[in-house]
Amino acid sequence: MNIKEIARQAGVSVATVSRVLNHPETVAPKTRERILDLMEQMDYKPNWFARGLNFNKTYTLALLIPNILNPAYVEIAEGVESVANRKGYSVLLCITEGEVEKERQYIQTLIDRHIDGVILVSSLLNGDDINYLKQQGVAVVLVGENNGNSSEPMVRIDCCAAAYQAVQHLLNCGHREIALVYGHTPVMENKHKIEGYKKALQEAGIPLRPEYLVEEQNTEEGGYLATRKLLGLKERPRAIFTTSDLLAFGVIDALRDAELNIPDDVAVMGFDNIRMAKLMVPKLSTVAKPLHKMGLSSARLLLDVIESQGNGNMAMREIVLQSKLKIRKSCGHKERIKEIF
Amino acid sequence: MKTNFLGLELKSPVIIAAGPWSRDGESIRQSLATGVGAVITETIVSDPKIDVRPRIAYNGLGAQNIRLYSDVQIEGWEREMEIAKSNGGIVIANVSAHTPSELAYLAVKMEKYGADGIELGLSTPMGEGLEVAASDPAEVYEMTRYVVENVKIPVMVKLSQNVTNLSRVAKAVQEAGGSAVSAINAIRCVLGVNIETMEPLLPTYGGYSGAPIKPLGLASVASIAQTVDIPICGVGGIDSYKDGLEYIMLGASAVQVGTALMLKGRDYVRKIVEELDRWGEENRISDVKEIRGKALEKLKSFEEIKIEPLTCHADNSIPCIEGCNMCIDACMYGAISRKEDNGIHIYDQRCTGCGLCTFLCGAKKLQLQW
Chain H
1 MNIKEIARQA GVSVATVSRV LNHPETVAPK TRERILDLME QMDYKPNWFA RGLNFNKTYT
61 LALLIPNILN PAYVEIAEGV ESVANRKGYS VLLCITEGEV EKERQYIQTL IDRHIDGVIL
121 VSSLLNGDDI NYLKQQGVAV VLVGENNGNS SEPMVRIDCC AAAYQAVQHL LNCGHREIAL
181 VYGHTPVMEN KHKIEGYKKA LQEAGIPLRP EYLVEEQNTE EGGYLATRKL LGLKERPRAI
241 FTTSDLLAFG VIDALRDAEL NIPDDVAVMG FDNIRMAKLM VPKLSTVAKP LHKMGLSSAR
301 LLLDVIESQG NGNMAMREIV LQSKLKIRKS CGHKERIKEI F
Chain E
342 MKTNFLGLEL KSPVIIAAGP WSRDGESIRQ SLATGVGAVI TETIVSDPKI DVRPRIAYNG
402 LGAQNIRLYS DVQIEGWERE MEIAKSNGGI VIANVSAHTP SELAYLAVKM EKYGADGIEL
462 GLSTPMGEGL EVAASDPAEV YEMTRYVVEN VKIPVMVKLS QNVTNLSRVA KAVQEAGGSA
522 VSAINAIRCV LGVNIETMEP LLPTYGGYSG APIKPLGLAS VASIAQTVDI PICGVGGIDS
582 YKDGLEYIML GASAVQVGTA LMLKGRDYVR KIVEELDRWG EENRISDVKE IRGKALEKLK
642 SFEEIKIEPL TCHADNSIPC IEGCNMCIDA CMYGAISRKE DNGIHIYDQR CTGCGLCTFL
702 CGAKKLQLQW
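Chains as they are written, first to last, in this note's numbering: chain H, 1 to 341; chain E, 342 to 711.
You can take every hint at face value.
The following label-pair restraints were derived from C-beta to C-beta distances:
hint : chain 1 : residue 1 : chain 2 : residue 2 : range
1    : H       : Arg176    : E       : Lys639    : 54 to 64 Å
2    : E       : Val393    : H       : Asp264    : 25 to 35 Å
3    : E       : Phe643    : H       : Ile337    : 31 to 41 Å
Keep in mind that the hints were calculated from the coordinates and are not lab data.
Just so it is clear, CB atoms sit at the ideal spot from N, CA and C, and this is done for glycine as well.
Chain E with its partners taken away, still in its complex shape (with noise of 0.2 Å):
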């Protein structure tokens, strides 16, 4: 499946995400090998740190990272993307840097090194400030503006959810000329705490990534498409192309997928390009843009819900998992119970339609009707 991004003819739809699998030329040259559309770099800075030890933490949902930065100085990239790109592909340079100045000076080298396009990294979630570079509109205006004027490729800023208003930092994205926004950047977190030495996983606020934030990036995407008409490179816990298809359908002209990748490892990005691909082949969808934003169309104002008399009707023709008492215990209303048969049986006048137990009812024997 096809897509237009950044102005570049893209052949997925799915590009991968700027992070450690991402850190040198050979690393995004086999990233380019797995059939997605584009690769992105690890984050570029001018002044590389050592890292942390250790900088990662994962519990089975979620992970938490602690400044994933390329170590490679700028100058190194040179090379680096010469192997990146030397059996073709897209490769787009991300960088990150606390002034206008500074941000365009590693993006006009990294235009020089032969990037197809630019990825502004202006919202880490660490040890950057309290506040997020990314969560004051003006700023992000500045910083977007000096690069788009001193490079002639395309200009991304990725944005953090992390702010009150989302919508208005993506203005002034749209506004300074950048080309797109992704969203989201990992959210400010603390994965967790050690109970038995009384410490958290990690020693310092981290990013959070991974299948939780999905809803989040979700809803950023959705509400951002709402408001800019450039186009969105939807992020945050893509695992699969269902998921990705998702994204588009909120809005989003490209994906990227990071933590899938870091903790599943390239051949599994290379199943969710060719998993799309057959989606595609099998719904007869060559090009994002036929169903980009359809399930935008259906995000709806309160005043503009028709609220149906709805009420959980259960089919009792099917059994229950068994010892399964799920939805009589969730509802909260009281209005579902065990039949002497062993089936459910719901009270009607109890039953306010919130929906709950048809999501939970593992049978998938409850439904909502009128």
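For reference, chain H alone in the conformation it holds in the complex (with noise of 0.2 Å):
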């Protein structure tokens, strides 16, 4: 079955069929409608592979991410899938462990397998690097900054101002001793993450002490032995600010351990929004980042690039989305009302 013979049995143009498959906007609703009844009763499916070869087009999405184990990504990825199903791309996965040379080879290998368009999470691409795809005629998005202050299609949040929203709830529940527990990566939202967090505490006049600074894996583990670190201090902090809910699970554990109750002993506050941070005891409070949001939003401005054709209609190139603090348990507030609003 082929595209000739839907053509003759609707007696329609070949063109026509095509449209309907192409560009269906500009086929008039009854005959499309006609047409693609007629394929259904005729099992006729398009032949990807000539498509690819007519249009230049392959229907493949990839999203680069740095890491599978860290929930957060695969919320982001989740929302990439969704949309891409819908317009009927599929998507191909890519770790690149936070290594730019990974990233980099990944790059050339999506090239040369003729990908549409990419997103790129958190990604350590600098400019010429994201010019280099786009000259071989793949789209780029971007989740989250990257290196080169490149001014492709981005979703983003402002990590800077959610870092200092949510150290200002914990000086405003009381806590002054506020350490920081960052990941290496993600390297620019991190280095936003810092600047709020010195702001915050900046504005209620503490002085900033840099032993309450840690740096570790952004993993559980990094958490912990952050944590272990900060209790080794002669004066250990009352509240310890995580740039990750993963990297707060492992302070948790290690608090934990050291038998100290949280929030009474030292509050916990992480960053995400990860679908267990609710699960934890206690439960996480944290800064909810819309991954899932953020996902999807990333899928529409590629769909709107590669639709777009380069011809510069497109709907938007920047979203910048709210992130917003989740009050659960562990950073010891009192008002139950923060919980449900």
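Relying on the hints, combine the two individually framed chains into one complex.
The following block contains the structure:
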């Protein structure tokens, strides 16, 4: 069964059937319905490989994430996949391990495979890398800031403001000795979170204590080790803010091993609001990053780029989403109303 | 009765409000067939969540709802809009988001899919922070401006009554280039508590809508009309053509019906539209602008109110409703008593002309006079 046969049976030209497949909005609704019905009856499936050759499109996207063991990236992936799938695209998942060389290797492989577009999450690529990708006809969207001040379409949150708000909340809960445990990755976003942390303390007139800033792997183990360091200090912190929920899980584990009560002895505040955060004991207060929405929005922007085919007819180039404090039990606040709204 | 609203010629000022009754193309198409001027989609968001169950409660007066958003993803609305508009008609897309760019993205997409206008939902009363987004004029300005700059179709902003100064918010919309405001959104509420189980009727705070919120809506529309020049769409508790006229006479160019449709169905909205048209014919009013704001002119400051020495007078030729003592029980000044012949006696010296009894009297035998 091929497109010519469909056209013959429907009594239309091959071009019309082709338009039903590729630009359905240009075909009169009644004709379109008739042709689609016919395709279904005759079990016609377009030859995607041939389609790729014809239109120079493979209907394949790639999602590059630093790590798949961090559920935050899985939530982004789910958002990307759900939009892509609805629009007839498949998604290749590439794990960069936060290494720029591995990211570059992937980029070359994806170009060789004639990928239509890529979504780079917390990318370490610079402007040159991204320009190279674009010159090869690959559409690019970034999730979270990358390394090279790129002007590519981007979906992000304001990490500095989010961290500022979180530390302010800890201050409002009465904590003054607040430590920050931050991961090696994602580099740019964590840089902004550190800025937010410092800004909140400075405004509250609290001097920065370098020993309260601990960098570790962005994993539960990282959080555990960082906490051991903090607990070994002469004056241990009364609250620990982390740049990810995974780190916060490790912090909680270490505090429990040290038989310290959360939040009475040490309060904990995470970042991301992955699904397990509300299952911790005590329930983890955190910064809710709209992960799933970031995935949805980035796939939408990418498809806009692909479908506008460089004619600049894009809805928007940047979507800044809102993060929100998700106050639960680990931060030591007293007002129940804040947990509800 | 026609109206010009958002630069669109509407054949009726009655518009169907955002809600689950406008959840997809087919339901909007059916709503358009009732003869309304336009239909607004259910609130479209960028990341639909699973609805909680139950999410609507009703106490015989008003309804509480918890987060009634569209479960159709933005991509899906391309097809839904095509179905919605397959027989013609005006469709306004209600979109809601937390940042200017997120909001504008949805608006741009809905414009592309054929929406005739945008309504921005910035004020949902549930789960969106203790202070609704729309309580901050600066934030409303930013959100509205960003959307207005990115679409060519008119943008209306739905305002909340949960703010201290609604006029300032309405002004922000006007300054940002908004084409209209709609007021009011549902009001944050807890509908009630089941005293047997000691549980609230619904498990979280929600939005209160229906007949009881009409006076709040009327006051909001009037105060907005006395603040800005952009057109207003009156929303809140409209259950009859008379309710619609009240909003119009206080300054609205169009009105939205939501909860009445939810409780009584689409045919009930058709009836409101037809009765409004009939009232227009009987009173030779063919365009809303002929009566818009007529009552607003009579909404005065205290010092402008001329104080007449009014007191209550009873027309005892009209019999009381049997067993009714409401005026006597309610008179805070002790000025009303029952006469031996069962008529009503008013002590002129005690009556201060408050007027309450004239509203309570079912027989309509009491009037203020001097």
